[in-house]
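Throw the hints in and build the complete structure from the sequences for me.
Quick note, the sequences are listed as chains C and U, same order. Here the first sequence is numbered in numbering that gives the first Met the number 0, starting from 0 and rising by one per residue. Here the second sequence is numbered in numbering that gives the first Met the number 0, starting from 0 and rising by one per residue.
There may be inaccurate statements among the hints.
Stated by the list, open to error - In the DSSO-like style, the derived pairs of lysine-lysine whose C-alpha atoms are separated by at most 27 angstroms in a straight line are:
| id | chain 1 | residue 1 | chain 2 | residue 2 |
| --- | --- | --- | --- | --- |
| 1 | U | LYS123 | U | LYS261 |
| 2 | U | LYS227 | C | LYS103 |
| 3 | U | LYS25 | U | LYS88 |
| 4 | C | LYS214 | C | LYS73 |
| 5 | U | LYS300 | U | LYS59 |
| 6 | C | LYS32 | C | LYS222 |
| 7 | C | LYS73 | U | LYS227 |
| 8 | C | LYS129 | C | LYS103 |
| 9 | C | LYS109 | C | LYS129 |
| 10 | U | LYS227 | U | LYS148 |
| 11 | U | LYS227 | C | LYS109 |
| 12 | U | LYS300 | U | LYS227 |
| 13 | U | LYS148 | C | LYS73 |
| 14 | C | LYS32 | C | LYS73 |
| 15 | C | LYS103 | C | LYS113 |
| 16 | C | LYS113 | U | LYS227 |
| 17 | C | LYS240 | C | LYS32 |
| 18 | C | LYS129 | U | LYS300 |
| 19 | U | LYS88 | U | LYS33 |
| 20 | U | LYS227 | C | LYS129 |
| 21 | C | LYS240 | C | LYS222 |
Hints were generated in silico from the structure; no laboratory data involved.
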Amino acid sequence: MVGEIRIENAIKIFPQQDAEDVTALNGVNLTIKAGEFVSLIGPSGCGKSTLLRLIAGLDSATSGALYLDDEPIKEPSYERGLVFQDPTLFPWLNIRDNIAFGLKARGTYKGSVKEVQEFLELVGLSTFAKSFPHQLSGGMAQRASLARALVNRPKVLLLDEPLGALDAFTRMNMQDELIRIWQERGTTMVMVTHDVDEAIYLSDRVVVMTPRPAKIECSIDVKLFRPRARNNPEFLSLRSKILEILNFAGKIEEPNYYL
Amino acid sequence: MKNYRPWLPVLSILLAMAVERLAPEKVTKHLVTKHPYYFYLLIALFVLFGIFAAYSLFHKGIREWITHKGWFMAAAIALLNLYGIVTKKAGLLPVIYFPTPDRIIGVLVEERGFLFTCLGSSMKLLATGYFSGAIIGFITGIAIGFSRKAEYWIMPFVRLLGPIPSTAWIPIVLISFPTTFGASAFLIGLAVWFPTTVMTSSGIANIQNAYFEVSSTLGASRFYQIFKVGIPAAMPHMFLGLFNGTCASFITLMTAEMLGVKNGIGWYINWQREMLSYANVYTGLIIIAVTFSILVTLLFKVRDRLLVWQKGVVKW
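This is the structure we're talking about:
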């Protein structure tokens, strides 16, 4: 198996001109096993997206080191695919060409034309191969965006709130889709999310992050069998545990009236 | 009849023909042409719109088009009719400045060979200037858009030189080029270069950074990103620049021809004006209007072809 990520004491500071420097990550240590599905969860400003960008190689750490299979991460690479909340499909390319973009950019398209079709089918968009992105619904566009990242057969797929812009029902369908793709491909998945249910439903492990200082608070293994039920009692107890860590649980007050 | 609109232009033409043939003519100093060219034109239009109207009974596309355009076409022909009445029939306008329709069409027919040569040399000049200006504009725009160094060194020149109307350069350019053709082509190129450069570089500057980030995680090199992400994403802006450049190039072409070049349709108009042959001036203007309109339409057709992926593009 390939696709192990190791993060050693990563610190990221954004220097500010007329204010105090912002510490977006304050010493993060994390190892993500090959083939694992990990969610990073936490309120805004906890550095989860920053961490994902460091893994992608889009930003570099102020200090500390990141490794993929013991190779230091220096710059973006197709081995670490990225999917944003916004599908960011190239609007001037049709869906097929969007998905083929990575293969063409790497010069491996000629030998793998069939793969594009395979991935179109994987995300259920074969009939939309010739459509342009503006003709697709939000969910379809996000599926195309997934296929575009997956066609490169990355070792790791990084997902930055991939389902954040979708409506509740499309979102739940897409969660099942993600699980299916993950099980089929065995790619290491790292997902940033705001949604506790989504994190528990999808991941092997939920990494909870807190702001000020922006670091990892704890890491919770989700030992539930798949397919998971969202109303399973254990699911719900994990949910309240995470909400408690994040200080969003709220108190259950005794009713102060009697009949 | 339920759908009368396809027949409106035909009706308007018949009216114009009746006026032309039957209305009494006031004695004027209008020169008489060898042939009744205006009446020939009306016959040609009659045949053309008669065919359209008849065909509209069978063909849905033609029917929709002519039904939509019926009133407009009829009004346009009525306007022509009115011009004929005012000049030829009633002699209300100064004869020298407002020739009869017969004479304007007559020039077009009788001098067609020479007019064609003039148009040809105008187009040669326009094409030379336009394409060199557009190509250099693309190159500088892309350089400014992608390279900090290019922006640092080139942008101040663009800011300083760009807003000067290229015709203001005429005194310098005419003495620094060996031929007036070269000088005029340079001026046209300059007029196209500025909007193309500015719109190309601003188009690139406005591209969402996410496109570049995504493409780099997909394995695209910097070079690949410039050509496969930067340029297509900036294409709508580029066409805006090209469109502005086209309009500027027409103005410059006409000015250049009226000042220096001894050939071309702009030169022809100016020359005929000096000779007080206003029929020829109008003919020249008609040729310019039709040619430039065709060129702009062509540009928009090319754009529509290249930018099919855009929704809600501006129609011409």
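Going through the hints against the structure:
1. Straight-line distance between C-alpha atoms of LYS123 of chain U and LYS261 of chain U comes to about 14 angstroms, which keeps the hinted pair within the 27 angstroms bound.
2. Between LYS227 of chain U and LYS103 of chain C, the direct Cα distance comes to roughly 10 angstroms. Compliance with the 27 angstroms bound is thereby established for this hinted pair.
3. Straight-line distance between C-alpha atoms of LYS25 of chain U and LYS88 of chain U comes to about 6 angstroms, which keeps the hinted pair within the 27 angstroms bound.
4. Using a Cα cut-off of 27 angstroms, the hinted pair LYS214 of chain C and LYS73 of chain C holds, with the two alpha carbons roughly 22 angstroms apart.
5. Of the supplied pair hints, the one linking LYS300 of chain U and LYS59 of chain U holds, its CA atoms being roughly 24 angstroms apart against a limit of 27 angstroms.
6. With a C-alpha separation of about 15 angstroms, the suggested pairing of LYS32 of chain C with LYS222 of chain C holds against the 27 angstroms cut-off.
7. Taken as a hint, the LYS73 of chain C and LYS227 of chain U pair is honoured in the structure, with Cα atoms around 24 angstroms apart against an allowance of 27 angstroms.
8. Between LYS129 of chain C and LYS103 of chain C the CA atoms are separated by roughly 17 angstroms; this keeps the pair inside 27 angstroms, and the hint holds.
9. Taken as a hint, the LYS109 of chain C and LYS129 of chain C pair is honoured in the structure, with Cα atoms around 19 angstroms apart against an allowance of 27 angstroms.
10. Distance restraint check for LYS227 of chain U and LYS148 of chain U: the Cα-Cα separation of roughly 22 angstroms lies within the 27 angstroms cut-off, and the hinted pair is therefore satisfied.
11. A distance of roughly 17 angstroms separates the Cα atoms of LYS227 of chain U and LYS109 of chain C; the hinted pair therefore holds under the 27 angstroms criterion.
12. The hinted pair formed by LYS300 of chain U and LYS227 of chain U meets the criterion: a straight-line CA distance of about 22 angstroms does not exceed 27 angstroms.
13. About 25 angstroms separates the Cα atoms of LYS148 of chain U and LYS73 of chain C, which keeps this hinted pair within 27 angstroms; it holds.
14. Restraint check: the Cα-Cα separation between LYS32 of chain C and LYS73 of chain C comes to about 20 angstroms, which is no more than 27 angstroms; the hinted pair holds.
15. A threshold of 27 angstroms between alpha carbons decides the hint, and for LYS103 of chain C with LYS113 of chain C the separation of about 13 angstroms falls inside it, so the pair holds.
16. Distance hint between LYS113 of chain C and LYS227 of chain U is fulfilled; the C-alpha atoms sit about 22 angstroms from each other, no more than 27 angstroms.
17. Between LYS240 of chain C and LYS32 of chain C the CA atoms are separated by roughly 24 angstroms; this keeps the pair inside 27 angstroms, and the hint holds.
18. Among the hinted pairs, LYS129 of chain C with LYS300 of chain U is consistent with the structure: their alpha-carbon atoms are about 21 angstroms apart, no more than 27 angstroms.
19. With a CA separation close to 18 angstroms, the supplied pair LYS88 of chain U and LYS33 of chain U stays within the 27 angstroms bound.
20. Between the alpha carbons of LYS227 of chain U and LYS129 of chain C the distance comes to roughly 18 angstroms, so the proposed pair stays at or under 27 angstroms and holds.
21. Taking the CA atoms of LYS240 of chain C and LYS222 of chain C, the gap is near 14 angstroms; set against the 27 angstroms cutoff, the hint holds.
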